[in-house]
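Trainee: Taken in sequence, the protein lines are chains A and B. Throughout the first sequence, residue numbering follows our numbering, covering 1 to 530 in sequence. Throughout the second sequence, residue numbering follows our numbering, covering 1001 to 1546 in sequence.
One thing to keep in mind: the hints can contain errors.
To be verified - Residues of chain B clear of chain A, computed beta-carbon distances all greater than 12 Å:
| # | residue |
| --- | --- |
| 1 | 1050 |
| 2 | 1055 |
| 3 | 1236 |
| 4 | 1458 |
| 5 | 1491 |
To be verified - Just some of the chain A residues that point at chain B, by a computed CB distance under 7 Å:
| # | residue |
| --- | --- |
| 6 | 60 |
| 7 | 61 |
| 8 | 417 |
| 9 | 430 |
| 10 | 447 |
| 11 | 462 |
Think of the hints as simulated: they come from the structure by calculation, not from any bench. Glycine residues also receive a C-beta, built at the ideal position from the N, C-alpha and C atoms.
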Amino acid sequence: MTHPYEVQLADLFRHLVPEAVLIVFACALFIGGLYKADRRLWGGVALGGLAIAFLTLLIAPASQNLAGNAVFGVPLLFDQLANVTRVLALATGAIFILLAWDDLPEKQAADHHACLLVIIAGVGLVGCSNDLVALLLALELVSIPTYVLLYLPRHDDNAQEAAIKYFLLSVFSSAILLFGFSYLFGLTGTTNIAGSLQVLYGASVDEAKSVSGLAQIAMLTIAAGLGFRITAVPFHFYAPDVMQGTSTSGAAFLSFVPKIAGFIAIVRVFGFVVPAGVATPIERTLVGIGLSDQVPTLFWFLAALTMTVGNILALLQDNLKRLLAYSGIAHAGYMLIALAAAPYLSSSESATSGVTALLFYLVAYGCMTLGVFAVILMLHRPERPVETVDDLAGLSISHPGVALMVTVLMLSLIGFPLTIGFTGKFLVFFGAVSVQGPIAWLYPTLAIIGVLNAAIGAWYYLRIIAVMYLRSAVKPIETTGPLPSRTALIVCVVLTVLLAVPPGAGWIMTAAAQKALRPTQPAAMNQPQP
Amino acid sequence: MMSVLLILLLLIPAAAAVAVACLGQARALLVRQITLGATIAGAVIALVLAFGLLTQRTDIKRDTYSPTFVPGSTAENPHATTWNLIDFNAGRDASTQKKLGAIQFYIGLDGMNIWLIVLTAILMVSSVLISWNAIDERVHEFHAWLLLLGCALTGVFLAFDIILFYVFFELTLVPLFFLIGIWGGPERRYAARKFFIYTLAGSVVTLLGLLAVVAVCYHKTGDHVLTFSIPELVTIFNNLLRSAEATGDRAFFQSFQFWVFLAMMTGFAIKVPLFPVHTWLPLAHVEAPTAGSVLLAGVLLKMGTYGFLRLCLPLAPDASITIGVPLIGALSVVGIIYGALCARAQDDIKKLVAYSSVSHLGFCTLGMFALNSTGLTGSLMQMINHGLSTGALFLIVGMIYERYHTRMMGDYSGLGAKLKGITFCMVFISLSSVGLPGLNGFVGEALVFFGMFETGKVLAILGTAGIILGAWYLMTMLRQVFFGELKEPHVEGHEVRDITPREIAALAPIMAGKEIRTRSGLEISSYSSCSWCPSWTIWIDHDPPV
């Protein structure tokens, strides 16, 4: 007996070449690293792997074979969201190889880069997931190499403690996520995400009511499990400790990659992007609330809590990495605003879209934060550490160029005009004030909480600028930093400015206007349920 | 031709800033010369534009904003631009999608902003001259930031696109942050950060209010117009208000305006500053270097009042009547009296002038929220007059400080015997600041109170007290510092000289400005506002709220 979607399933492999390339390169690195310890060689090989994966992504088939109801049968979807995620993952991977280049012992370079490639493949697969099992596997493909990655660069007590802490909490969060998935499966009878959305949307009002308790447990546990990755308060508490303890490249990694995976997974599971082919009744035109109409409320509170707690605790920090950890929590809060408003921005009449805002903010956050980590990696030396904010004193005298770039990054983190951070916040807040409807006042309120948080955030980012320009160093920094991290910094700063002003901003608008990236308005119900 | 000048007005300081920053510390004199050249060029252009606009006055449409000399405008529509910065149509399928708007590089001149542009240009020249000797470290950086500040300030007044306005509005913060933080007084770091955070916190809320207006204009119009252009938004929004009764949205728009007014007010009130949120101002003024103080008091504060005029009144007309008049009116009066009393209590001359700003800006907002053309005209005049007077006062305080290195009134007495030139200027400017008839301050203040008497008698009467208090603290300061027996602080190393030609050059344009404005003051400003005030009465031609 053959599977009804045999052709479509076999077709998947043609689309998975980029991930396959990454895994092949990872295996080569694992084996090769046994014979030769050379960070240049293995760094170059890893970059080559990413480049080849990118090329294969470019020549991959444009559309997927989804005849009939195959969308309810295939575990992976290769739509616009998937492609955006994969490009983002590959670009991030390249930056991380540059960042970690000199932060690693010579011996461990190959292993580190191999783990990184596996993780990048995992992030890409998260973006493609259309099945709870595939999604969980993809998320674990991100998590498990991360444990190794955190442990490799440093072996002191702090780094080990950080790795263990992250390991235990990560496993715990995966378990909670799995628990939530089991409820979702129990509720809908399928592990296919498109299928479960179809069942949930297709449910009559009475049916929806009778299972609303179960649905809410599923919603809460899934949000909790993924909230750990995006460092949403109250699942954030590990982040500052782990990021302070681990190596700088590890901290940079934790600040960004789990967030990509977590947010994309949320968009997938909650159906913020409804896969083409899912039919829903005309009266339920809001995306993202298939599981429960409490989803926006949940994200509303998560957003408010996350950004406020993140910003206020960041005010108290002196350690740079800890400060960046809390800043990351705060920015996760801004991204959650986009998700909270997304269901109400799904109609084709809406001028903006929550998912677009989220994706753009993810890119913006990555550019800004990785840039700052690149600076720390560049300037930190054991004899002249760059650990605390005060260690940056006098940077404008010793390194005027670097100081200017850090200023740009900080202004961008504040959300200052002419930087990518402003464009991101503009899209998020414009989305929030665009929400129409009976409870529309909730979203401008959330936006007000957001902008006040942006002002609070300005205080600690500004402190870094002030330290660099308005104070002089007791012992000036002498190193100019290695080439790879300098390259990473320049790339981040260029993107930070370029994507905020014309013509770069125009490219963003063009990308954001792609229909498939906007939440599709569910079509009228005209297809049978799977 | 004129629109090219408008672009040059922004481009020259920006280009000069980059050039100056590249020159480096070693060539300080060249840095100063280039900066001076750029600012003088800016002043000349601003004056040319002003006279160009005056000769075109018949072209002004009276019913809506219609900026002239718009770069990128077409022959059919000379009051709009085609220069898109971020086009929301990009990548959308042109055949099926509705036409969305774009964030545009939309700048222009109208009766409201032209004098503010001229004021900025003149004060920029003075700021450069006054910093000639006062700044001797990191000279190139100082002048680069100064030029960028001038560019951003000009941009705020020129912008006719909401996002562009906000961008320039925020961009003024960074240069001033560095000007205060690097070249300021002993408390400079704290002052710079407080100034930055305070104004940023306010302006992000303002941005939210502006975005809410854009969103509502988009959703409530039948054909969904997404636009960021201020004139278009004003037209659309006021059409919506007019038809609100018919569409049953009246209650919605009443509450919407209330919130939007509050949101916009937050940023502008901090910038003005109105009474409870003024605390950043004395600190920033006192710590800033003289050039920073001059621009801060002379121009930066006007961004707040200008924002009220340009955005708050037209985009929340009903709320301006229902909550604007009582709330802003009361806060202005409190600010007038409280600022004056605080000024009287200061021993530091610079702090005195700073508090006098709080008091005088109260006149501006008071006249504005009289909501009649007399008051609005007075308010606009007062904005310019205050810029000239307070700018000049800060210049003179800077000159005295440069000579004696102290600003405490108690250290001085009878300087008039020694510094005759400075004393003459100080008395002249103080008298105009007090509002002596015959000098420019009088016209603005008189109009403000004429206007306010029609709207709220109590507010007007209380506000008038501010004029008397103003005379009290300024005259006390004059008597203490410039008259009586000569007592001067001990200075070492150099002889104290009277006003130098360079300082005369710094003050001259301001004094001349005061003279010109006194002579033709009423005519010029009534022109400034007549292009605008009638539109106010048209906007609120729907039933005012009860």
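Trainee: Could you run down the list of hints and mark each one as holding or not?
Mentor: Okay, the hints, checked on the actual structure:
Listed as a non-interface residue, residue 1050 (chain B) keeps its Cβ farther than 12 Å from every Cβ of chain A; the least gap is roughly 28 Å. With a least CB separation of 34 Å from chain A, residue 1055 (chain B) remains clear of the 12 Å interface cut-off, as annotated. With a least CB separation of 14 Å from chain A, residue 1236 (chain B) remains clear of the 12 Å interface cut-off, as annotated. The Cβ of residue 1458 (chain B) lies farther than 12 Å from every Cβ of chain A, with a closest approach of about 33 Å, so its non-interface assignment holds.
In this structure residue 1491 (chain B) is separated from chain A by more than 12 Å, as the shortest Cβ-Cβ distance comes to about 28 Å. A cut of 7 Å between beta carbons decides the hint on residue 60 (chain A): the least distance to chain B is about 21 Å, and the hint is violated. This hint is violated: residue 61 (chain A) has a C-beta 22 Å from the nearest C-beta of chain B, more than the 7 Å allowed. At a threshold of 7 Å, the smallest CB-CB gap from residue 417 (chain A) to chain B is about 4 Å, leaving the interface hint in force.
With 7 Å as the threshold, the beta carbon of residue 430 (chain A) comes within range of chain B, its nearest partner Cβ sitting at about 5 Å, so the hint holds. The beta carbon of residue 447 (chain A) comes within 5 Å of a beta carbon in chain B, closer than 7 Å, and the hint placing it at the interface holds. A hinted interface residue such as residue 462 (chain A) counts as satisfied when its beta carbon comes closer than 7 Å to some beta carbon of chain B; here the least separation is about 6 Å, so the hint holds.
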